[in-house]
Amino acid sequence: MTSQVSSSAEQADEAVVGEQRKEAGVKDVRRLDRVIIRFAGDSGDGMQLTGDRFTSETASFGNDLSTLPNFPAEIRAPAGTLPGVSSFQLHFADHDILTPGDAPNVLVAMNPAALKANIADLPRGAEIIVNTDEFTKRAMQKVGYAASPLEDGSLDGYSLHPVPLTTLTVEALKDFDLTRKEAERSKNMFALGLLSWMYHRPTEGTEKFLRTKFAKKPEIAEANLAAYRAGWNFGETTEDFAVSYEIAPATKAFPTGTYRNISGNLALSYGLVAASRQADLPLFLGSYPITPASDILHELSKHKNFGVRTFQAEDEIAGIGAALGAAFGGSLAVTTTSGPGVALKSETIGLAVSLELPLLVIDIQRGGPSTGLPTKTEQADLLQAMFGRNGEAPVPIVAPCTPADCFDAALEAARIALTYRTPVMLLSDGYLANGSEPWRIPELDELPDLTVQFAQGPNHTLDDGTEVFWPYKRDPQTLARPWAVPGTPGLEHRIGGIEKEDGTGNISYAPANHDFMVRTRQAKIDGIDVPDLEVDDPHGARTLVLGWGSTYGPITAAVRRLRTAGESIAQAHLRHLNPFPRNLGAVLKAYDRVVIPEMNLGQLATLVRAKFLVDAHSYNQVNGMPFKAEQLATALKEAIDG
Numbered sequence: 260m261t262s263q264v265s266s267s268a269e270q271a272d273e274a275v276v277g278e279q280r281k282e283a284g285v286k287d288v289r290r291l292d293r294v295i296i297r298f299a300g301d302s303g304d305g306m307q308l309t310g311d312r313f314t315s316e317t318a319s320f321g322n323d324l325s326t327l328p329n330f331p332a333e334i335r336a337p338a339g340t341l342p343g344v345s346s347f348q349l350h351f352a353d354h355d356i357l358t359p360g361d362a363p364n365v366l367v368a369m370n371p372a373a374l375k376a377n378i379a380d381l382p383r384g385a386e387i388i389v390n391t392d393e394f395t396k397r398a399m400q401k402v403g404y405a406a407s408p409l410e411d412g413s414l415d416g417y418s419l420h421p422v423p424l425t426t427l428t429v430e431a432l433k434d435f436d437l438t439r440k441e442a443e444r445s446k447n448m449f450a451l452g453l454l455s456w457m458y459h460r461p462t463e464g465t466e467k468f469l470r471t472k473f474a475k476k477p478e479i480a481e482a483n484l485a486a487y488r489a490g491w492n493f494g495e496t497t498e499d500f501a502v503s504y505e506i507a508p509a510t511k512a513f514p515t516g517t518y519r520n521i522s523g524n525l526a527l528s529y530g531l532v533a534a535s536r537q538a539d540l541p542l543f544l545g546s547y548p549i550t551p552a553s554d555i556l557h558e559l560s561k562h563k564n565f566g567v568r569t570f571q572a573e574d575e576i577a578g579i580g581a582a583l584g585a586a587f588g589g590s591l592a593v594t595t596t597s598g599p600g601v602a603l604k605s606e607t608i609g610l611a612v613s614l615e616l617p618l619l620v621i622d623i624q625r626g627g628p629s630t631g632l633p634t635k636t637e638q639a640d641l642l643q644a645m646f647g648r649n650g651e652a653p654v655p656i657v658a659p660c661t662p663a664d665c666f667d668a669a670l671e672a673a674r675i676a677l678t679y680r681t682p683v684m685l686l687s688d689g690y691l692a693n694g695s696e697p698w699r700i701p702e703l704d705e706l707p708d709l710t711v712q713f714a715q716g717p718n719h720t721l722d723d724g725t726e727v728f729w730p731y732k733r734d735p736q737t738l739a740r741p742w743a744v745p746g747t748p749g750l751e752h753r754i755g756g757i758e759k760e761d762g763t764g765n766i767s768y769a770p771a772n773h774d775f776m777v778r779t780r781q782a783k784i785d786g787i788d789v790p791d792l793e794v795d796d797p798h799g800a801r802t803l804v805l806g807w808g809s810t811y812g813p814i815t816a817a818v819r820r821l822r823t824a825g826e827s828i829a830q831a832h833l834r835h836l837n838p839f840p841r842n843l844g845a846v847l848k849a850y851d852r853v854v855i856p857e858m859n860l861g862q863l864a865t866l867v868r869a870k871f872l873v874d875a876h877s878y879n880q881v882n883g884m885p886f887k888a889e890q891l892a893t894a895l896k897e898a899i900d901g
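Quick note: the sequence shown uses the numbering used here, first residue 260, plus one each step.
Note that these hints are calculated values from the structure, not bench results. Hints may be right or wrong, so weigh each one.
As the list claims (entries may be wrong) - Calculated pairs, DSS-like style, for lysine-lysine (alpha carbon to alpha carbon, straight line, at most 27 Å):
#  : residue 1 : residue 2
1  : Lys396    : Lys440
2  : Lys440    : Lys375
3  : Lys475    : Lys440
4  : Lys467    : Lys440
5  : Lys440    : Lys401
6  : Lys472    : Lys433
7  : Lys467    : Lys561
8  : Lys561    : Lys476
9  : Lys375    : Lys396
10 : Lys440    : Lys476
11 : Lys475    : Lys433
12 : Lys475    : Lys563
13 : Lys561    : Lys475
14 : Lys561    : Lys472
15 : Lys887    : Lys511
16 : Lys401    : Lys375
17 : Lys511    : Lys561
18 : Lys476    : Lys433
19 : Lys472    : Lys440
20 : Lys467    : Lys563
21 : Lys433    : Lys467
22 : Lys396    : Lys472
23 : Lys375    : Lys887
24 : Lys870    : Lys848
None of the values given here were measured: they were computed from a predicted structure.
Construct all of the structure, not just a fragment, from the sequences and the given hints.
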């Protein structure tokens, strides 16, 4: 009873304070625990840059966050059309979060196409900020609006803020020596300033960024800064925005440490550099640009000071060929690509299996088949990674689960490749690659020791007492063959794709030798040391949800919702997909029902059913977008009740 009285008194006090602030002309500030914002416009409107800047300021403020960039594959998609809409969604909170959010609380729509493409995702009551300057008759007809949605009552269920963004931007820049078209390009900065005011985001980082980005064009830098400040001032002075919002830093969500915002591709890049330093090996990247993997090539090209060498090849086959040559020469060798590129690289991956050399093959998966959906996400390359080569050519497979986890996954892939002398497939995807979240920068003593011992001299004694070097004499623990750097005296040996004789490495067509080598290469992969699968099951559930890769966030968010509602469900997530953790079979058989959500048509489920004879149930999505937590929660509830 006391708490109710106290609460009522607090509400009355807040109401009085609110009235006093209103009379004084001071706007209300409301506290929220989280918010989901989506910026949307033409692919030339700078929505990705706007979202990136808002994200960076949010990260520096200390919120937990998760992002979802979504853009067309074309460099400049048709302006004003639905296929040409580019969007950036950001979910940030004062507590730990796992996904970019199911439904935006705020939509910034720069034109009619952006509104129409995104309105179905908004819950009733959401705020919509529209650029009224773009709602011309022609622009609306282009996307099928017979009448203006700003006037026909169709948006009555939302909190609509009509703002002439283009006009206000041009007016703010009238004193600059810019054409109207040039001035209009800064309207995204006006929108960024407005949203920064609404959510009390810091401004210093964005101002510094703009001055750096346009350092060679100071007039453009100052114009963007003026537009950004004009947007902030507009929010402060206009009566249409009577309320701003505060989302406190997520102080309890993070362990102590130094954090930065990071995308999956950037985390992967840093992980590769860290692996090369921990292994004391030069890093070589042989790559051909392909969406969504190209950012890794771009980033690594900046780090020559760490012994990184990047080679942009003429095609995918040349890229992996150069990388395999670098592996033979003693480098930590990497090739990056997406699904179509993996298909082209498959023969050389098989060669790396035969040569038994360490090589990292990083596949940033995207929608397929063929060219498919280059900028959309999918998890459909698992079976290709597992079986997509001629002959028996087993390859270890590692998959990160969050953007920040890409750093650790790169180190783990390097550990396996260097320890077991094998190519390793790392399966990220477009959702992880382009999405971002806070990352705790590790201390150096937290990183694994990856140092490698190269062969230095003879390792075998013949019957006549002669000491020789056998390139295929194996370590009894790992079954790895010695790594001999070319040019080391006395360690000359044959390489190539024709079958090798056990031990000597000579060409061999002997049936028994081929059988032995095939089985030995498989045994080497099967024997890789990977941690047991950890299961999160606090209540002794009968249903297990098993995931891999980027489904971790949506699955975990869905599981949290179900447990909050009183349901009992267990969760486990795979990082190692070949070999599987040794306890996976026992884990699966401990539950009555196993559900495997995947952004494919059931590839992990196929492997699990075949290997463990478990009646695993698939829940699949292949629409180019990540799962929504509510959607998964509904499906998992049906599985529990079933």
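Hint-by-hint comparison with the structure:
1. Lys396 - Lys440: Given that 27 Å is the threshold and the Cα spacing comes to 20 Å, the pair holds.
2. Lys440 - Lys375: 25 Å, holds
3. Lys475 - Lys440: 20 Å, holds
4. Lys467 - Lys440: 24 Å, holds
5. Lys440 - Lys401: Answer holds: Lys440 to Lys401 is near 21 Å, not above 27 Å.
6. Lys472 - Lys433: Holds. Lys472 to Lys433 sits at ~22 Å (cutoff 27 Å).
7. Lys467 - Lys561: 21 Å, holds
8. Lys561 - Lys476: 23 Å, holds
9. Lys375 - Lys396: 15 Å, holds
10. Lys440 - Lys476: 17 Å, holds
11. Lys475 - Lys433: 21 Å, holds
12. Lys475 - Lys563: Distance ~24 Å between Lys475 and Lys563 Cα, so the pair holds.
13. Lys561 - Lys475: Answer holds: Lys561 to Lys475 is near 20 Å, not above 27 Å.
14. Lys561 - Lys472: Roughly 16 Å separates the two Cα atoms, so the pair holds.
15. Lys887 - Lys511: 25 Å, holds
16. Lys401 - Lys375: 11 Å, holds
17. Lys511 - Lys561: Distance of about 35 Å is beyond 27 Å: violated.
18. Lys476 - Lys433: Holds, at roughly 18 Å.
19. Lys472 - Lys440: With a Cα-Cα distance of about 20 Å, the restraint between Lys472 and Lys440 holds, given a limit of 27 Å.
20. Lys467 - Lys563: Holds - the C-alpha atoms of Lys563 and Lys467 are around 26 Å apart, at most 27 Å.
21. Lys433 - Lys467: 23 Å, holds
22. Lys396 - Lys472: Not OK: Lys396 and Lys472 at ~36 Å, beyond 27 Å, violated.
23. Lys375 - Lys887: Measuring from Cα to Cα gives roughly 20 Å; hence the hint holds.
24. Lys870 - Lys848: 12 Å, holds
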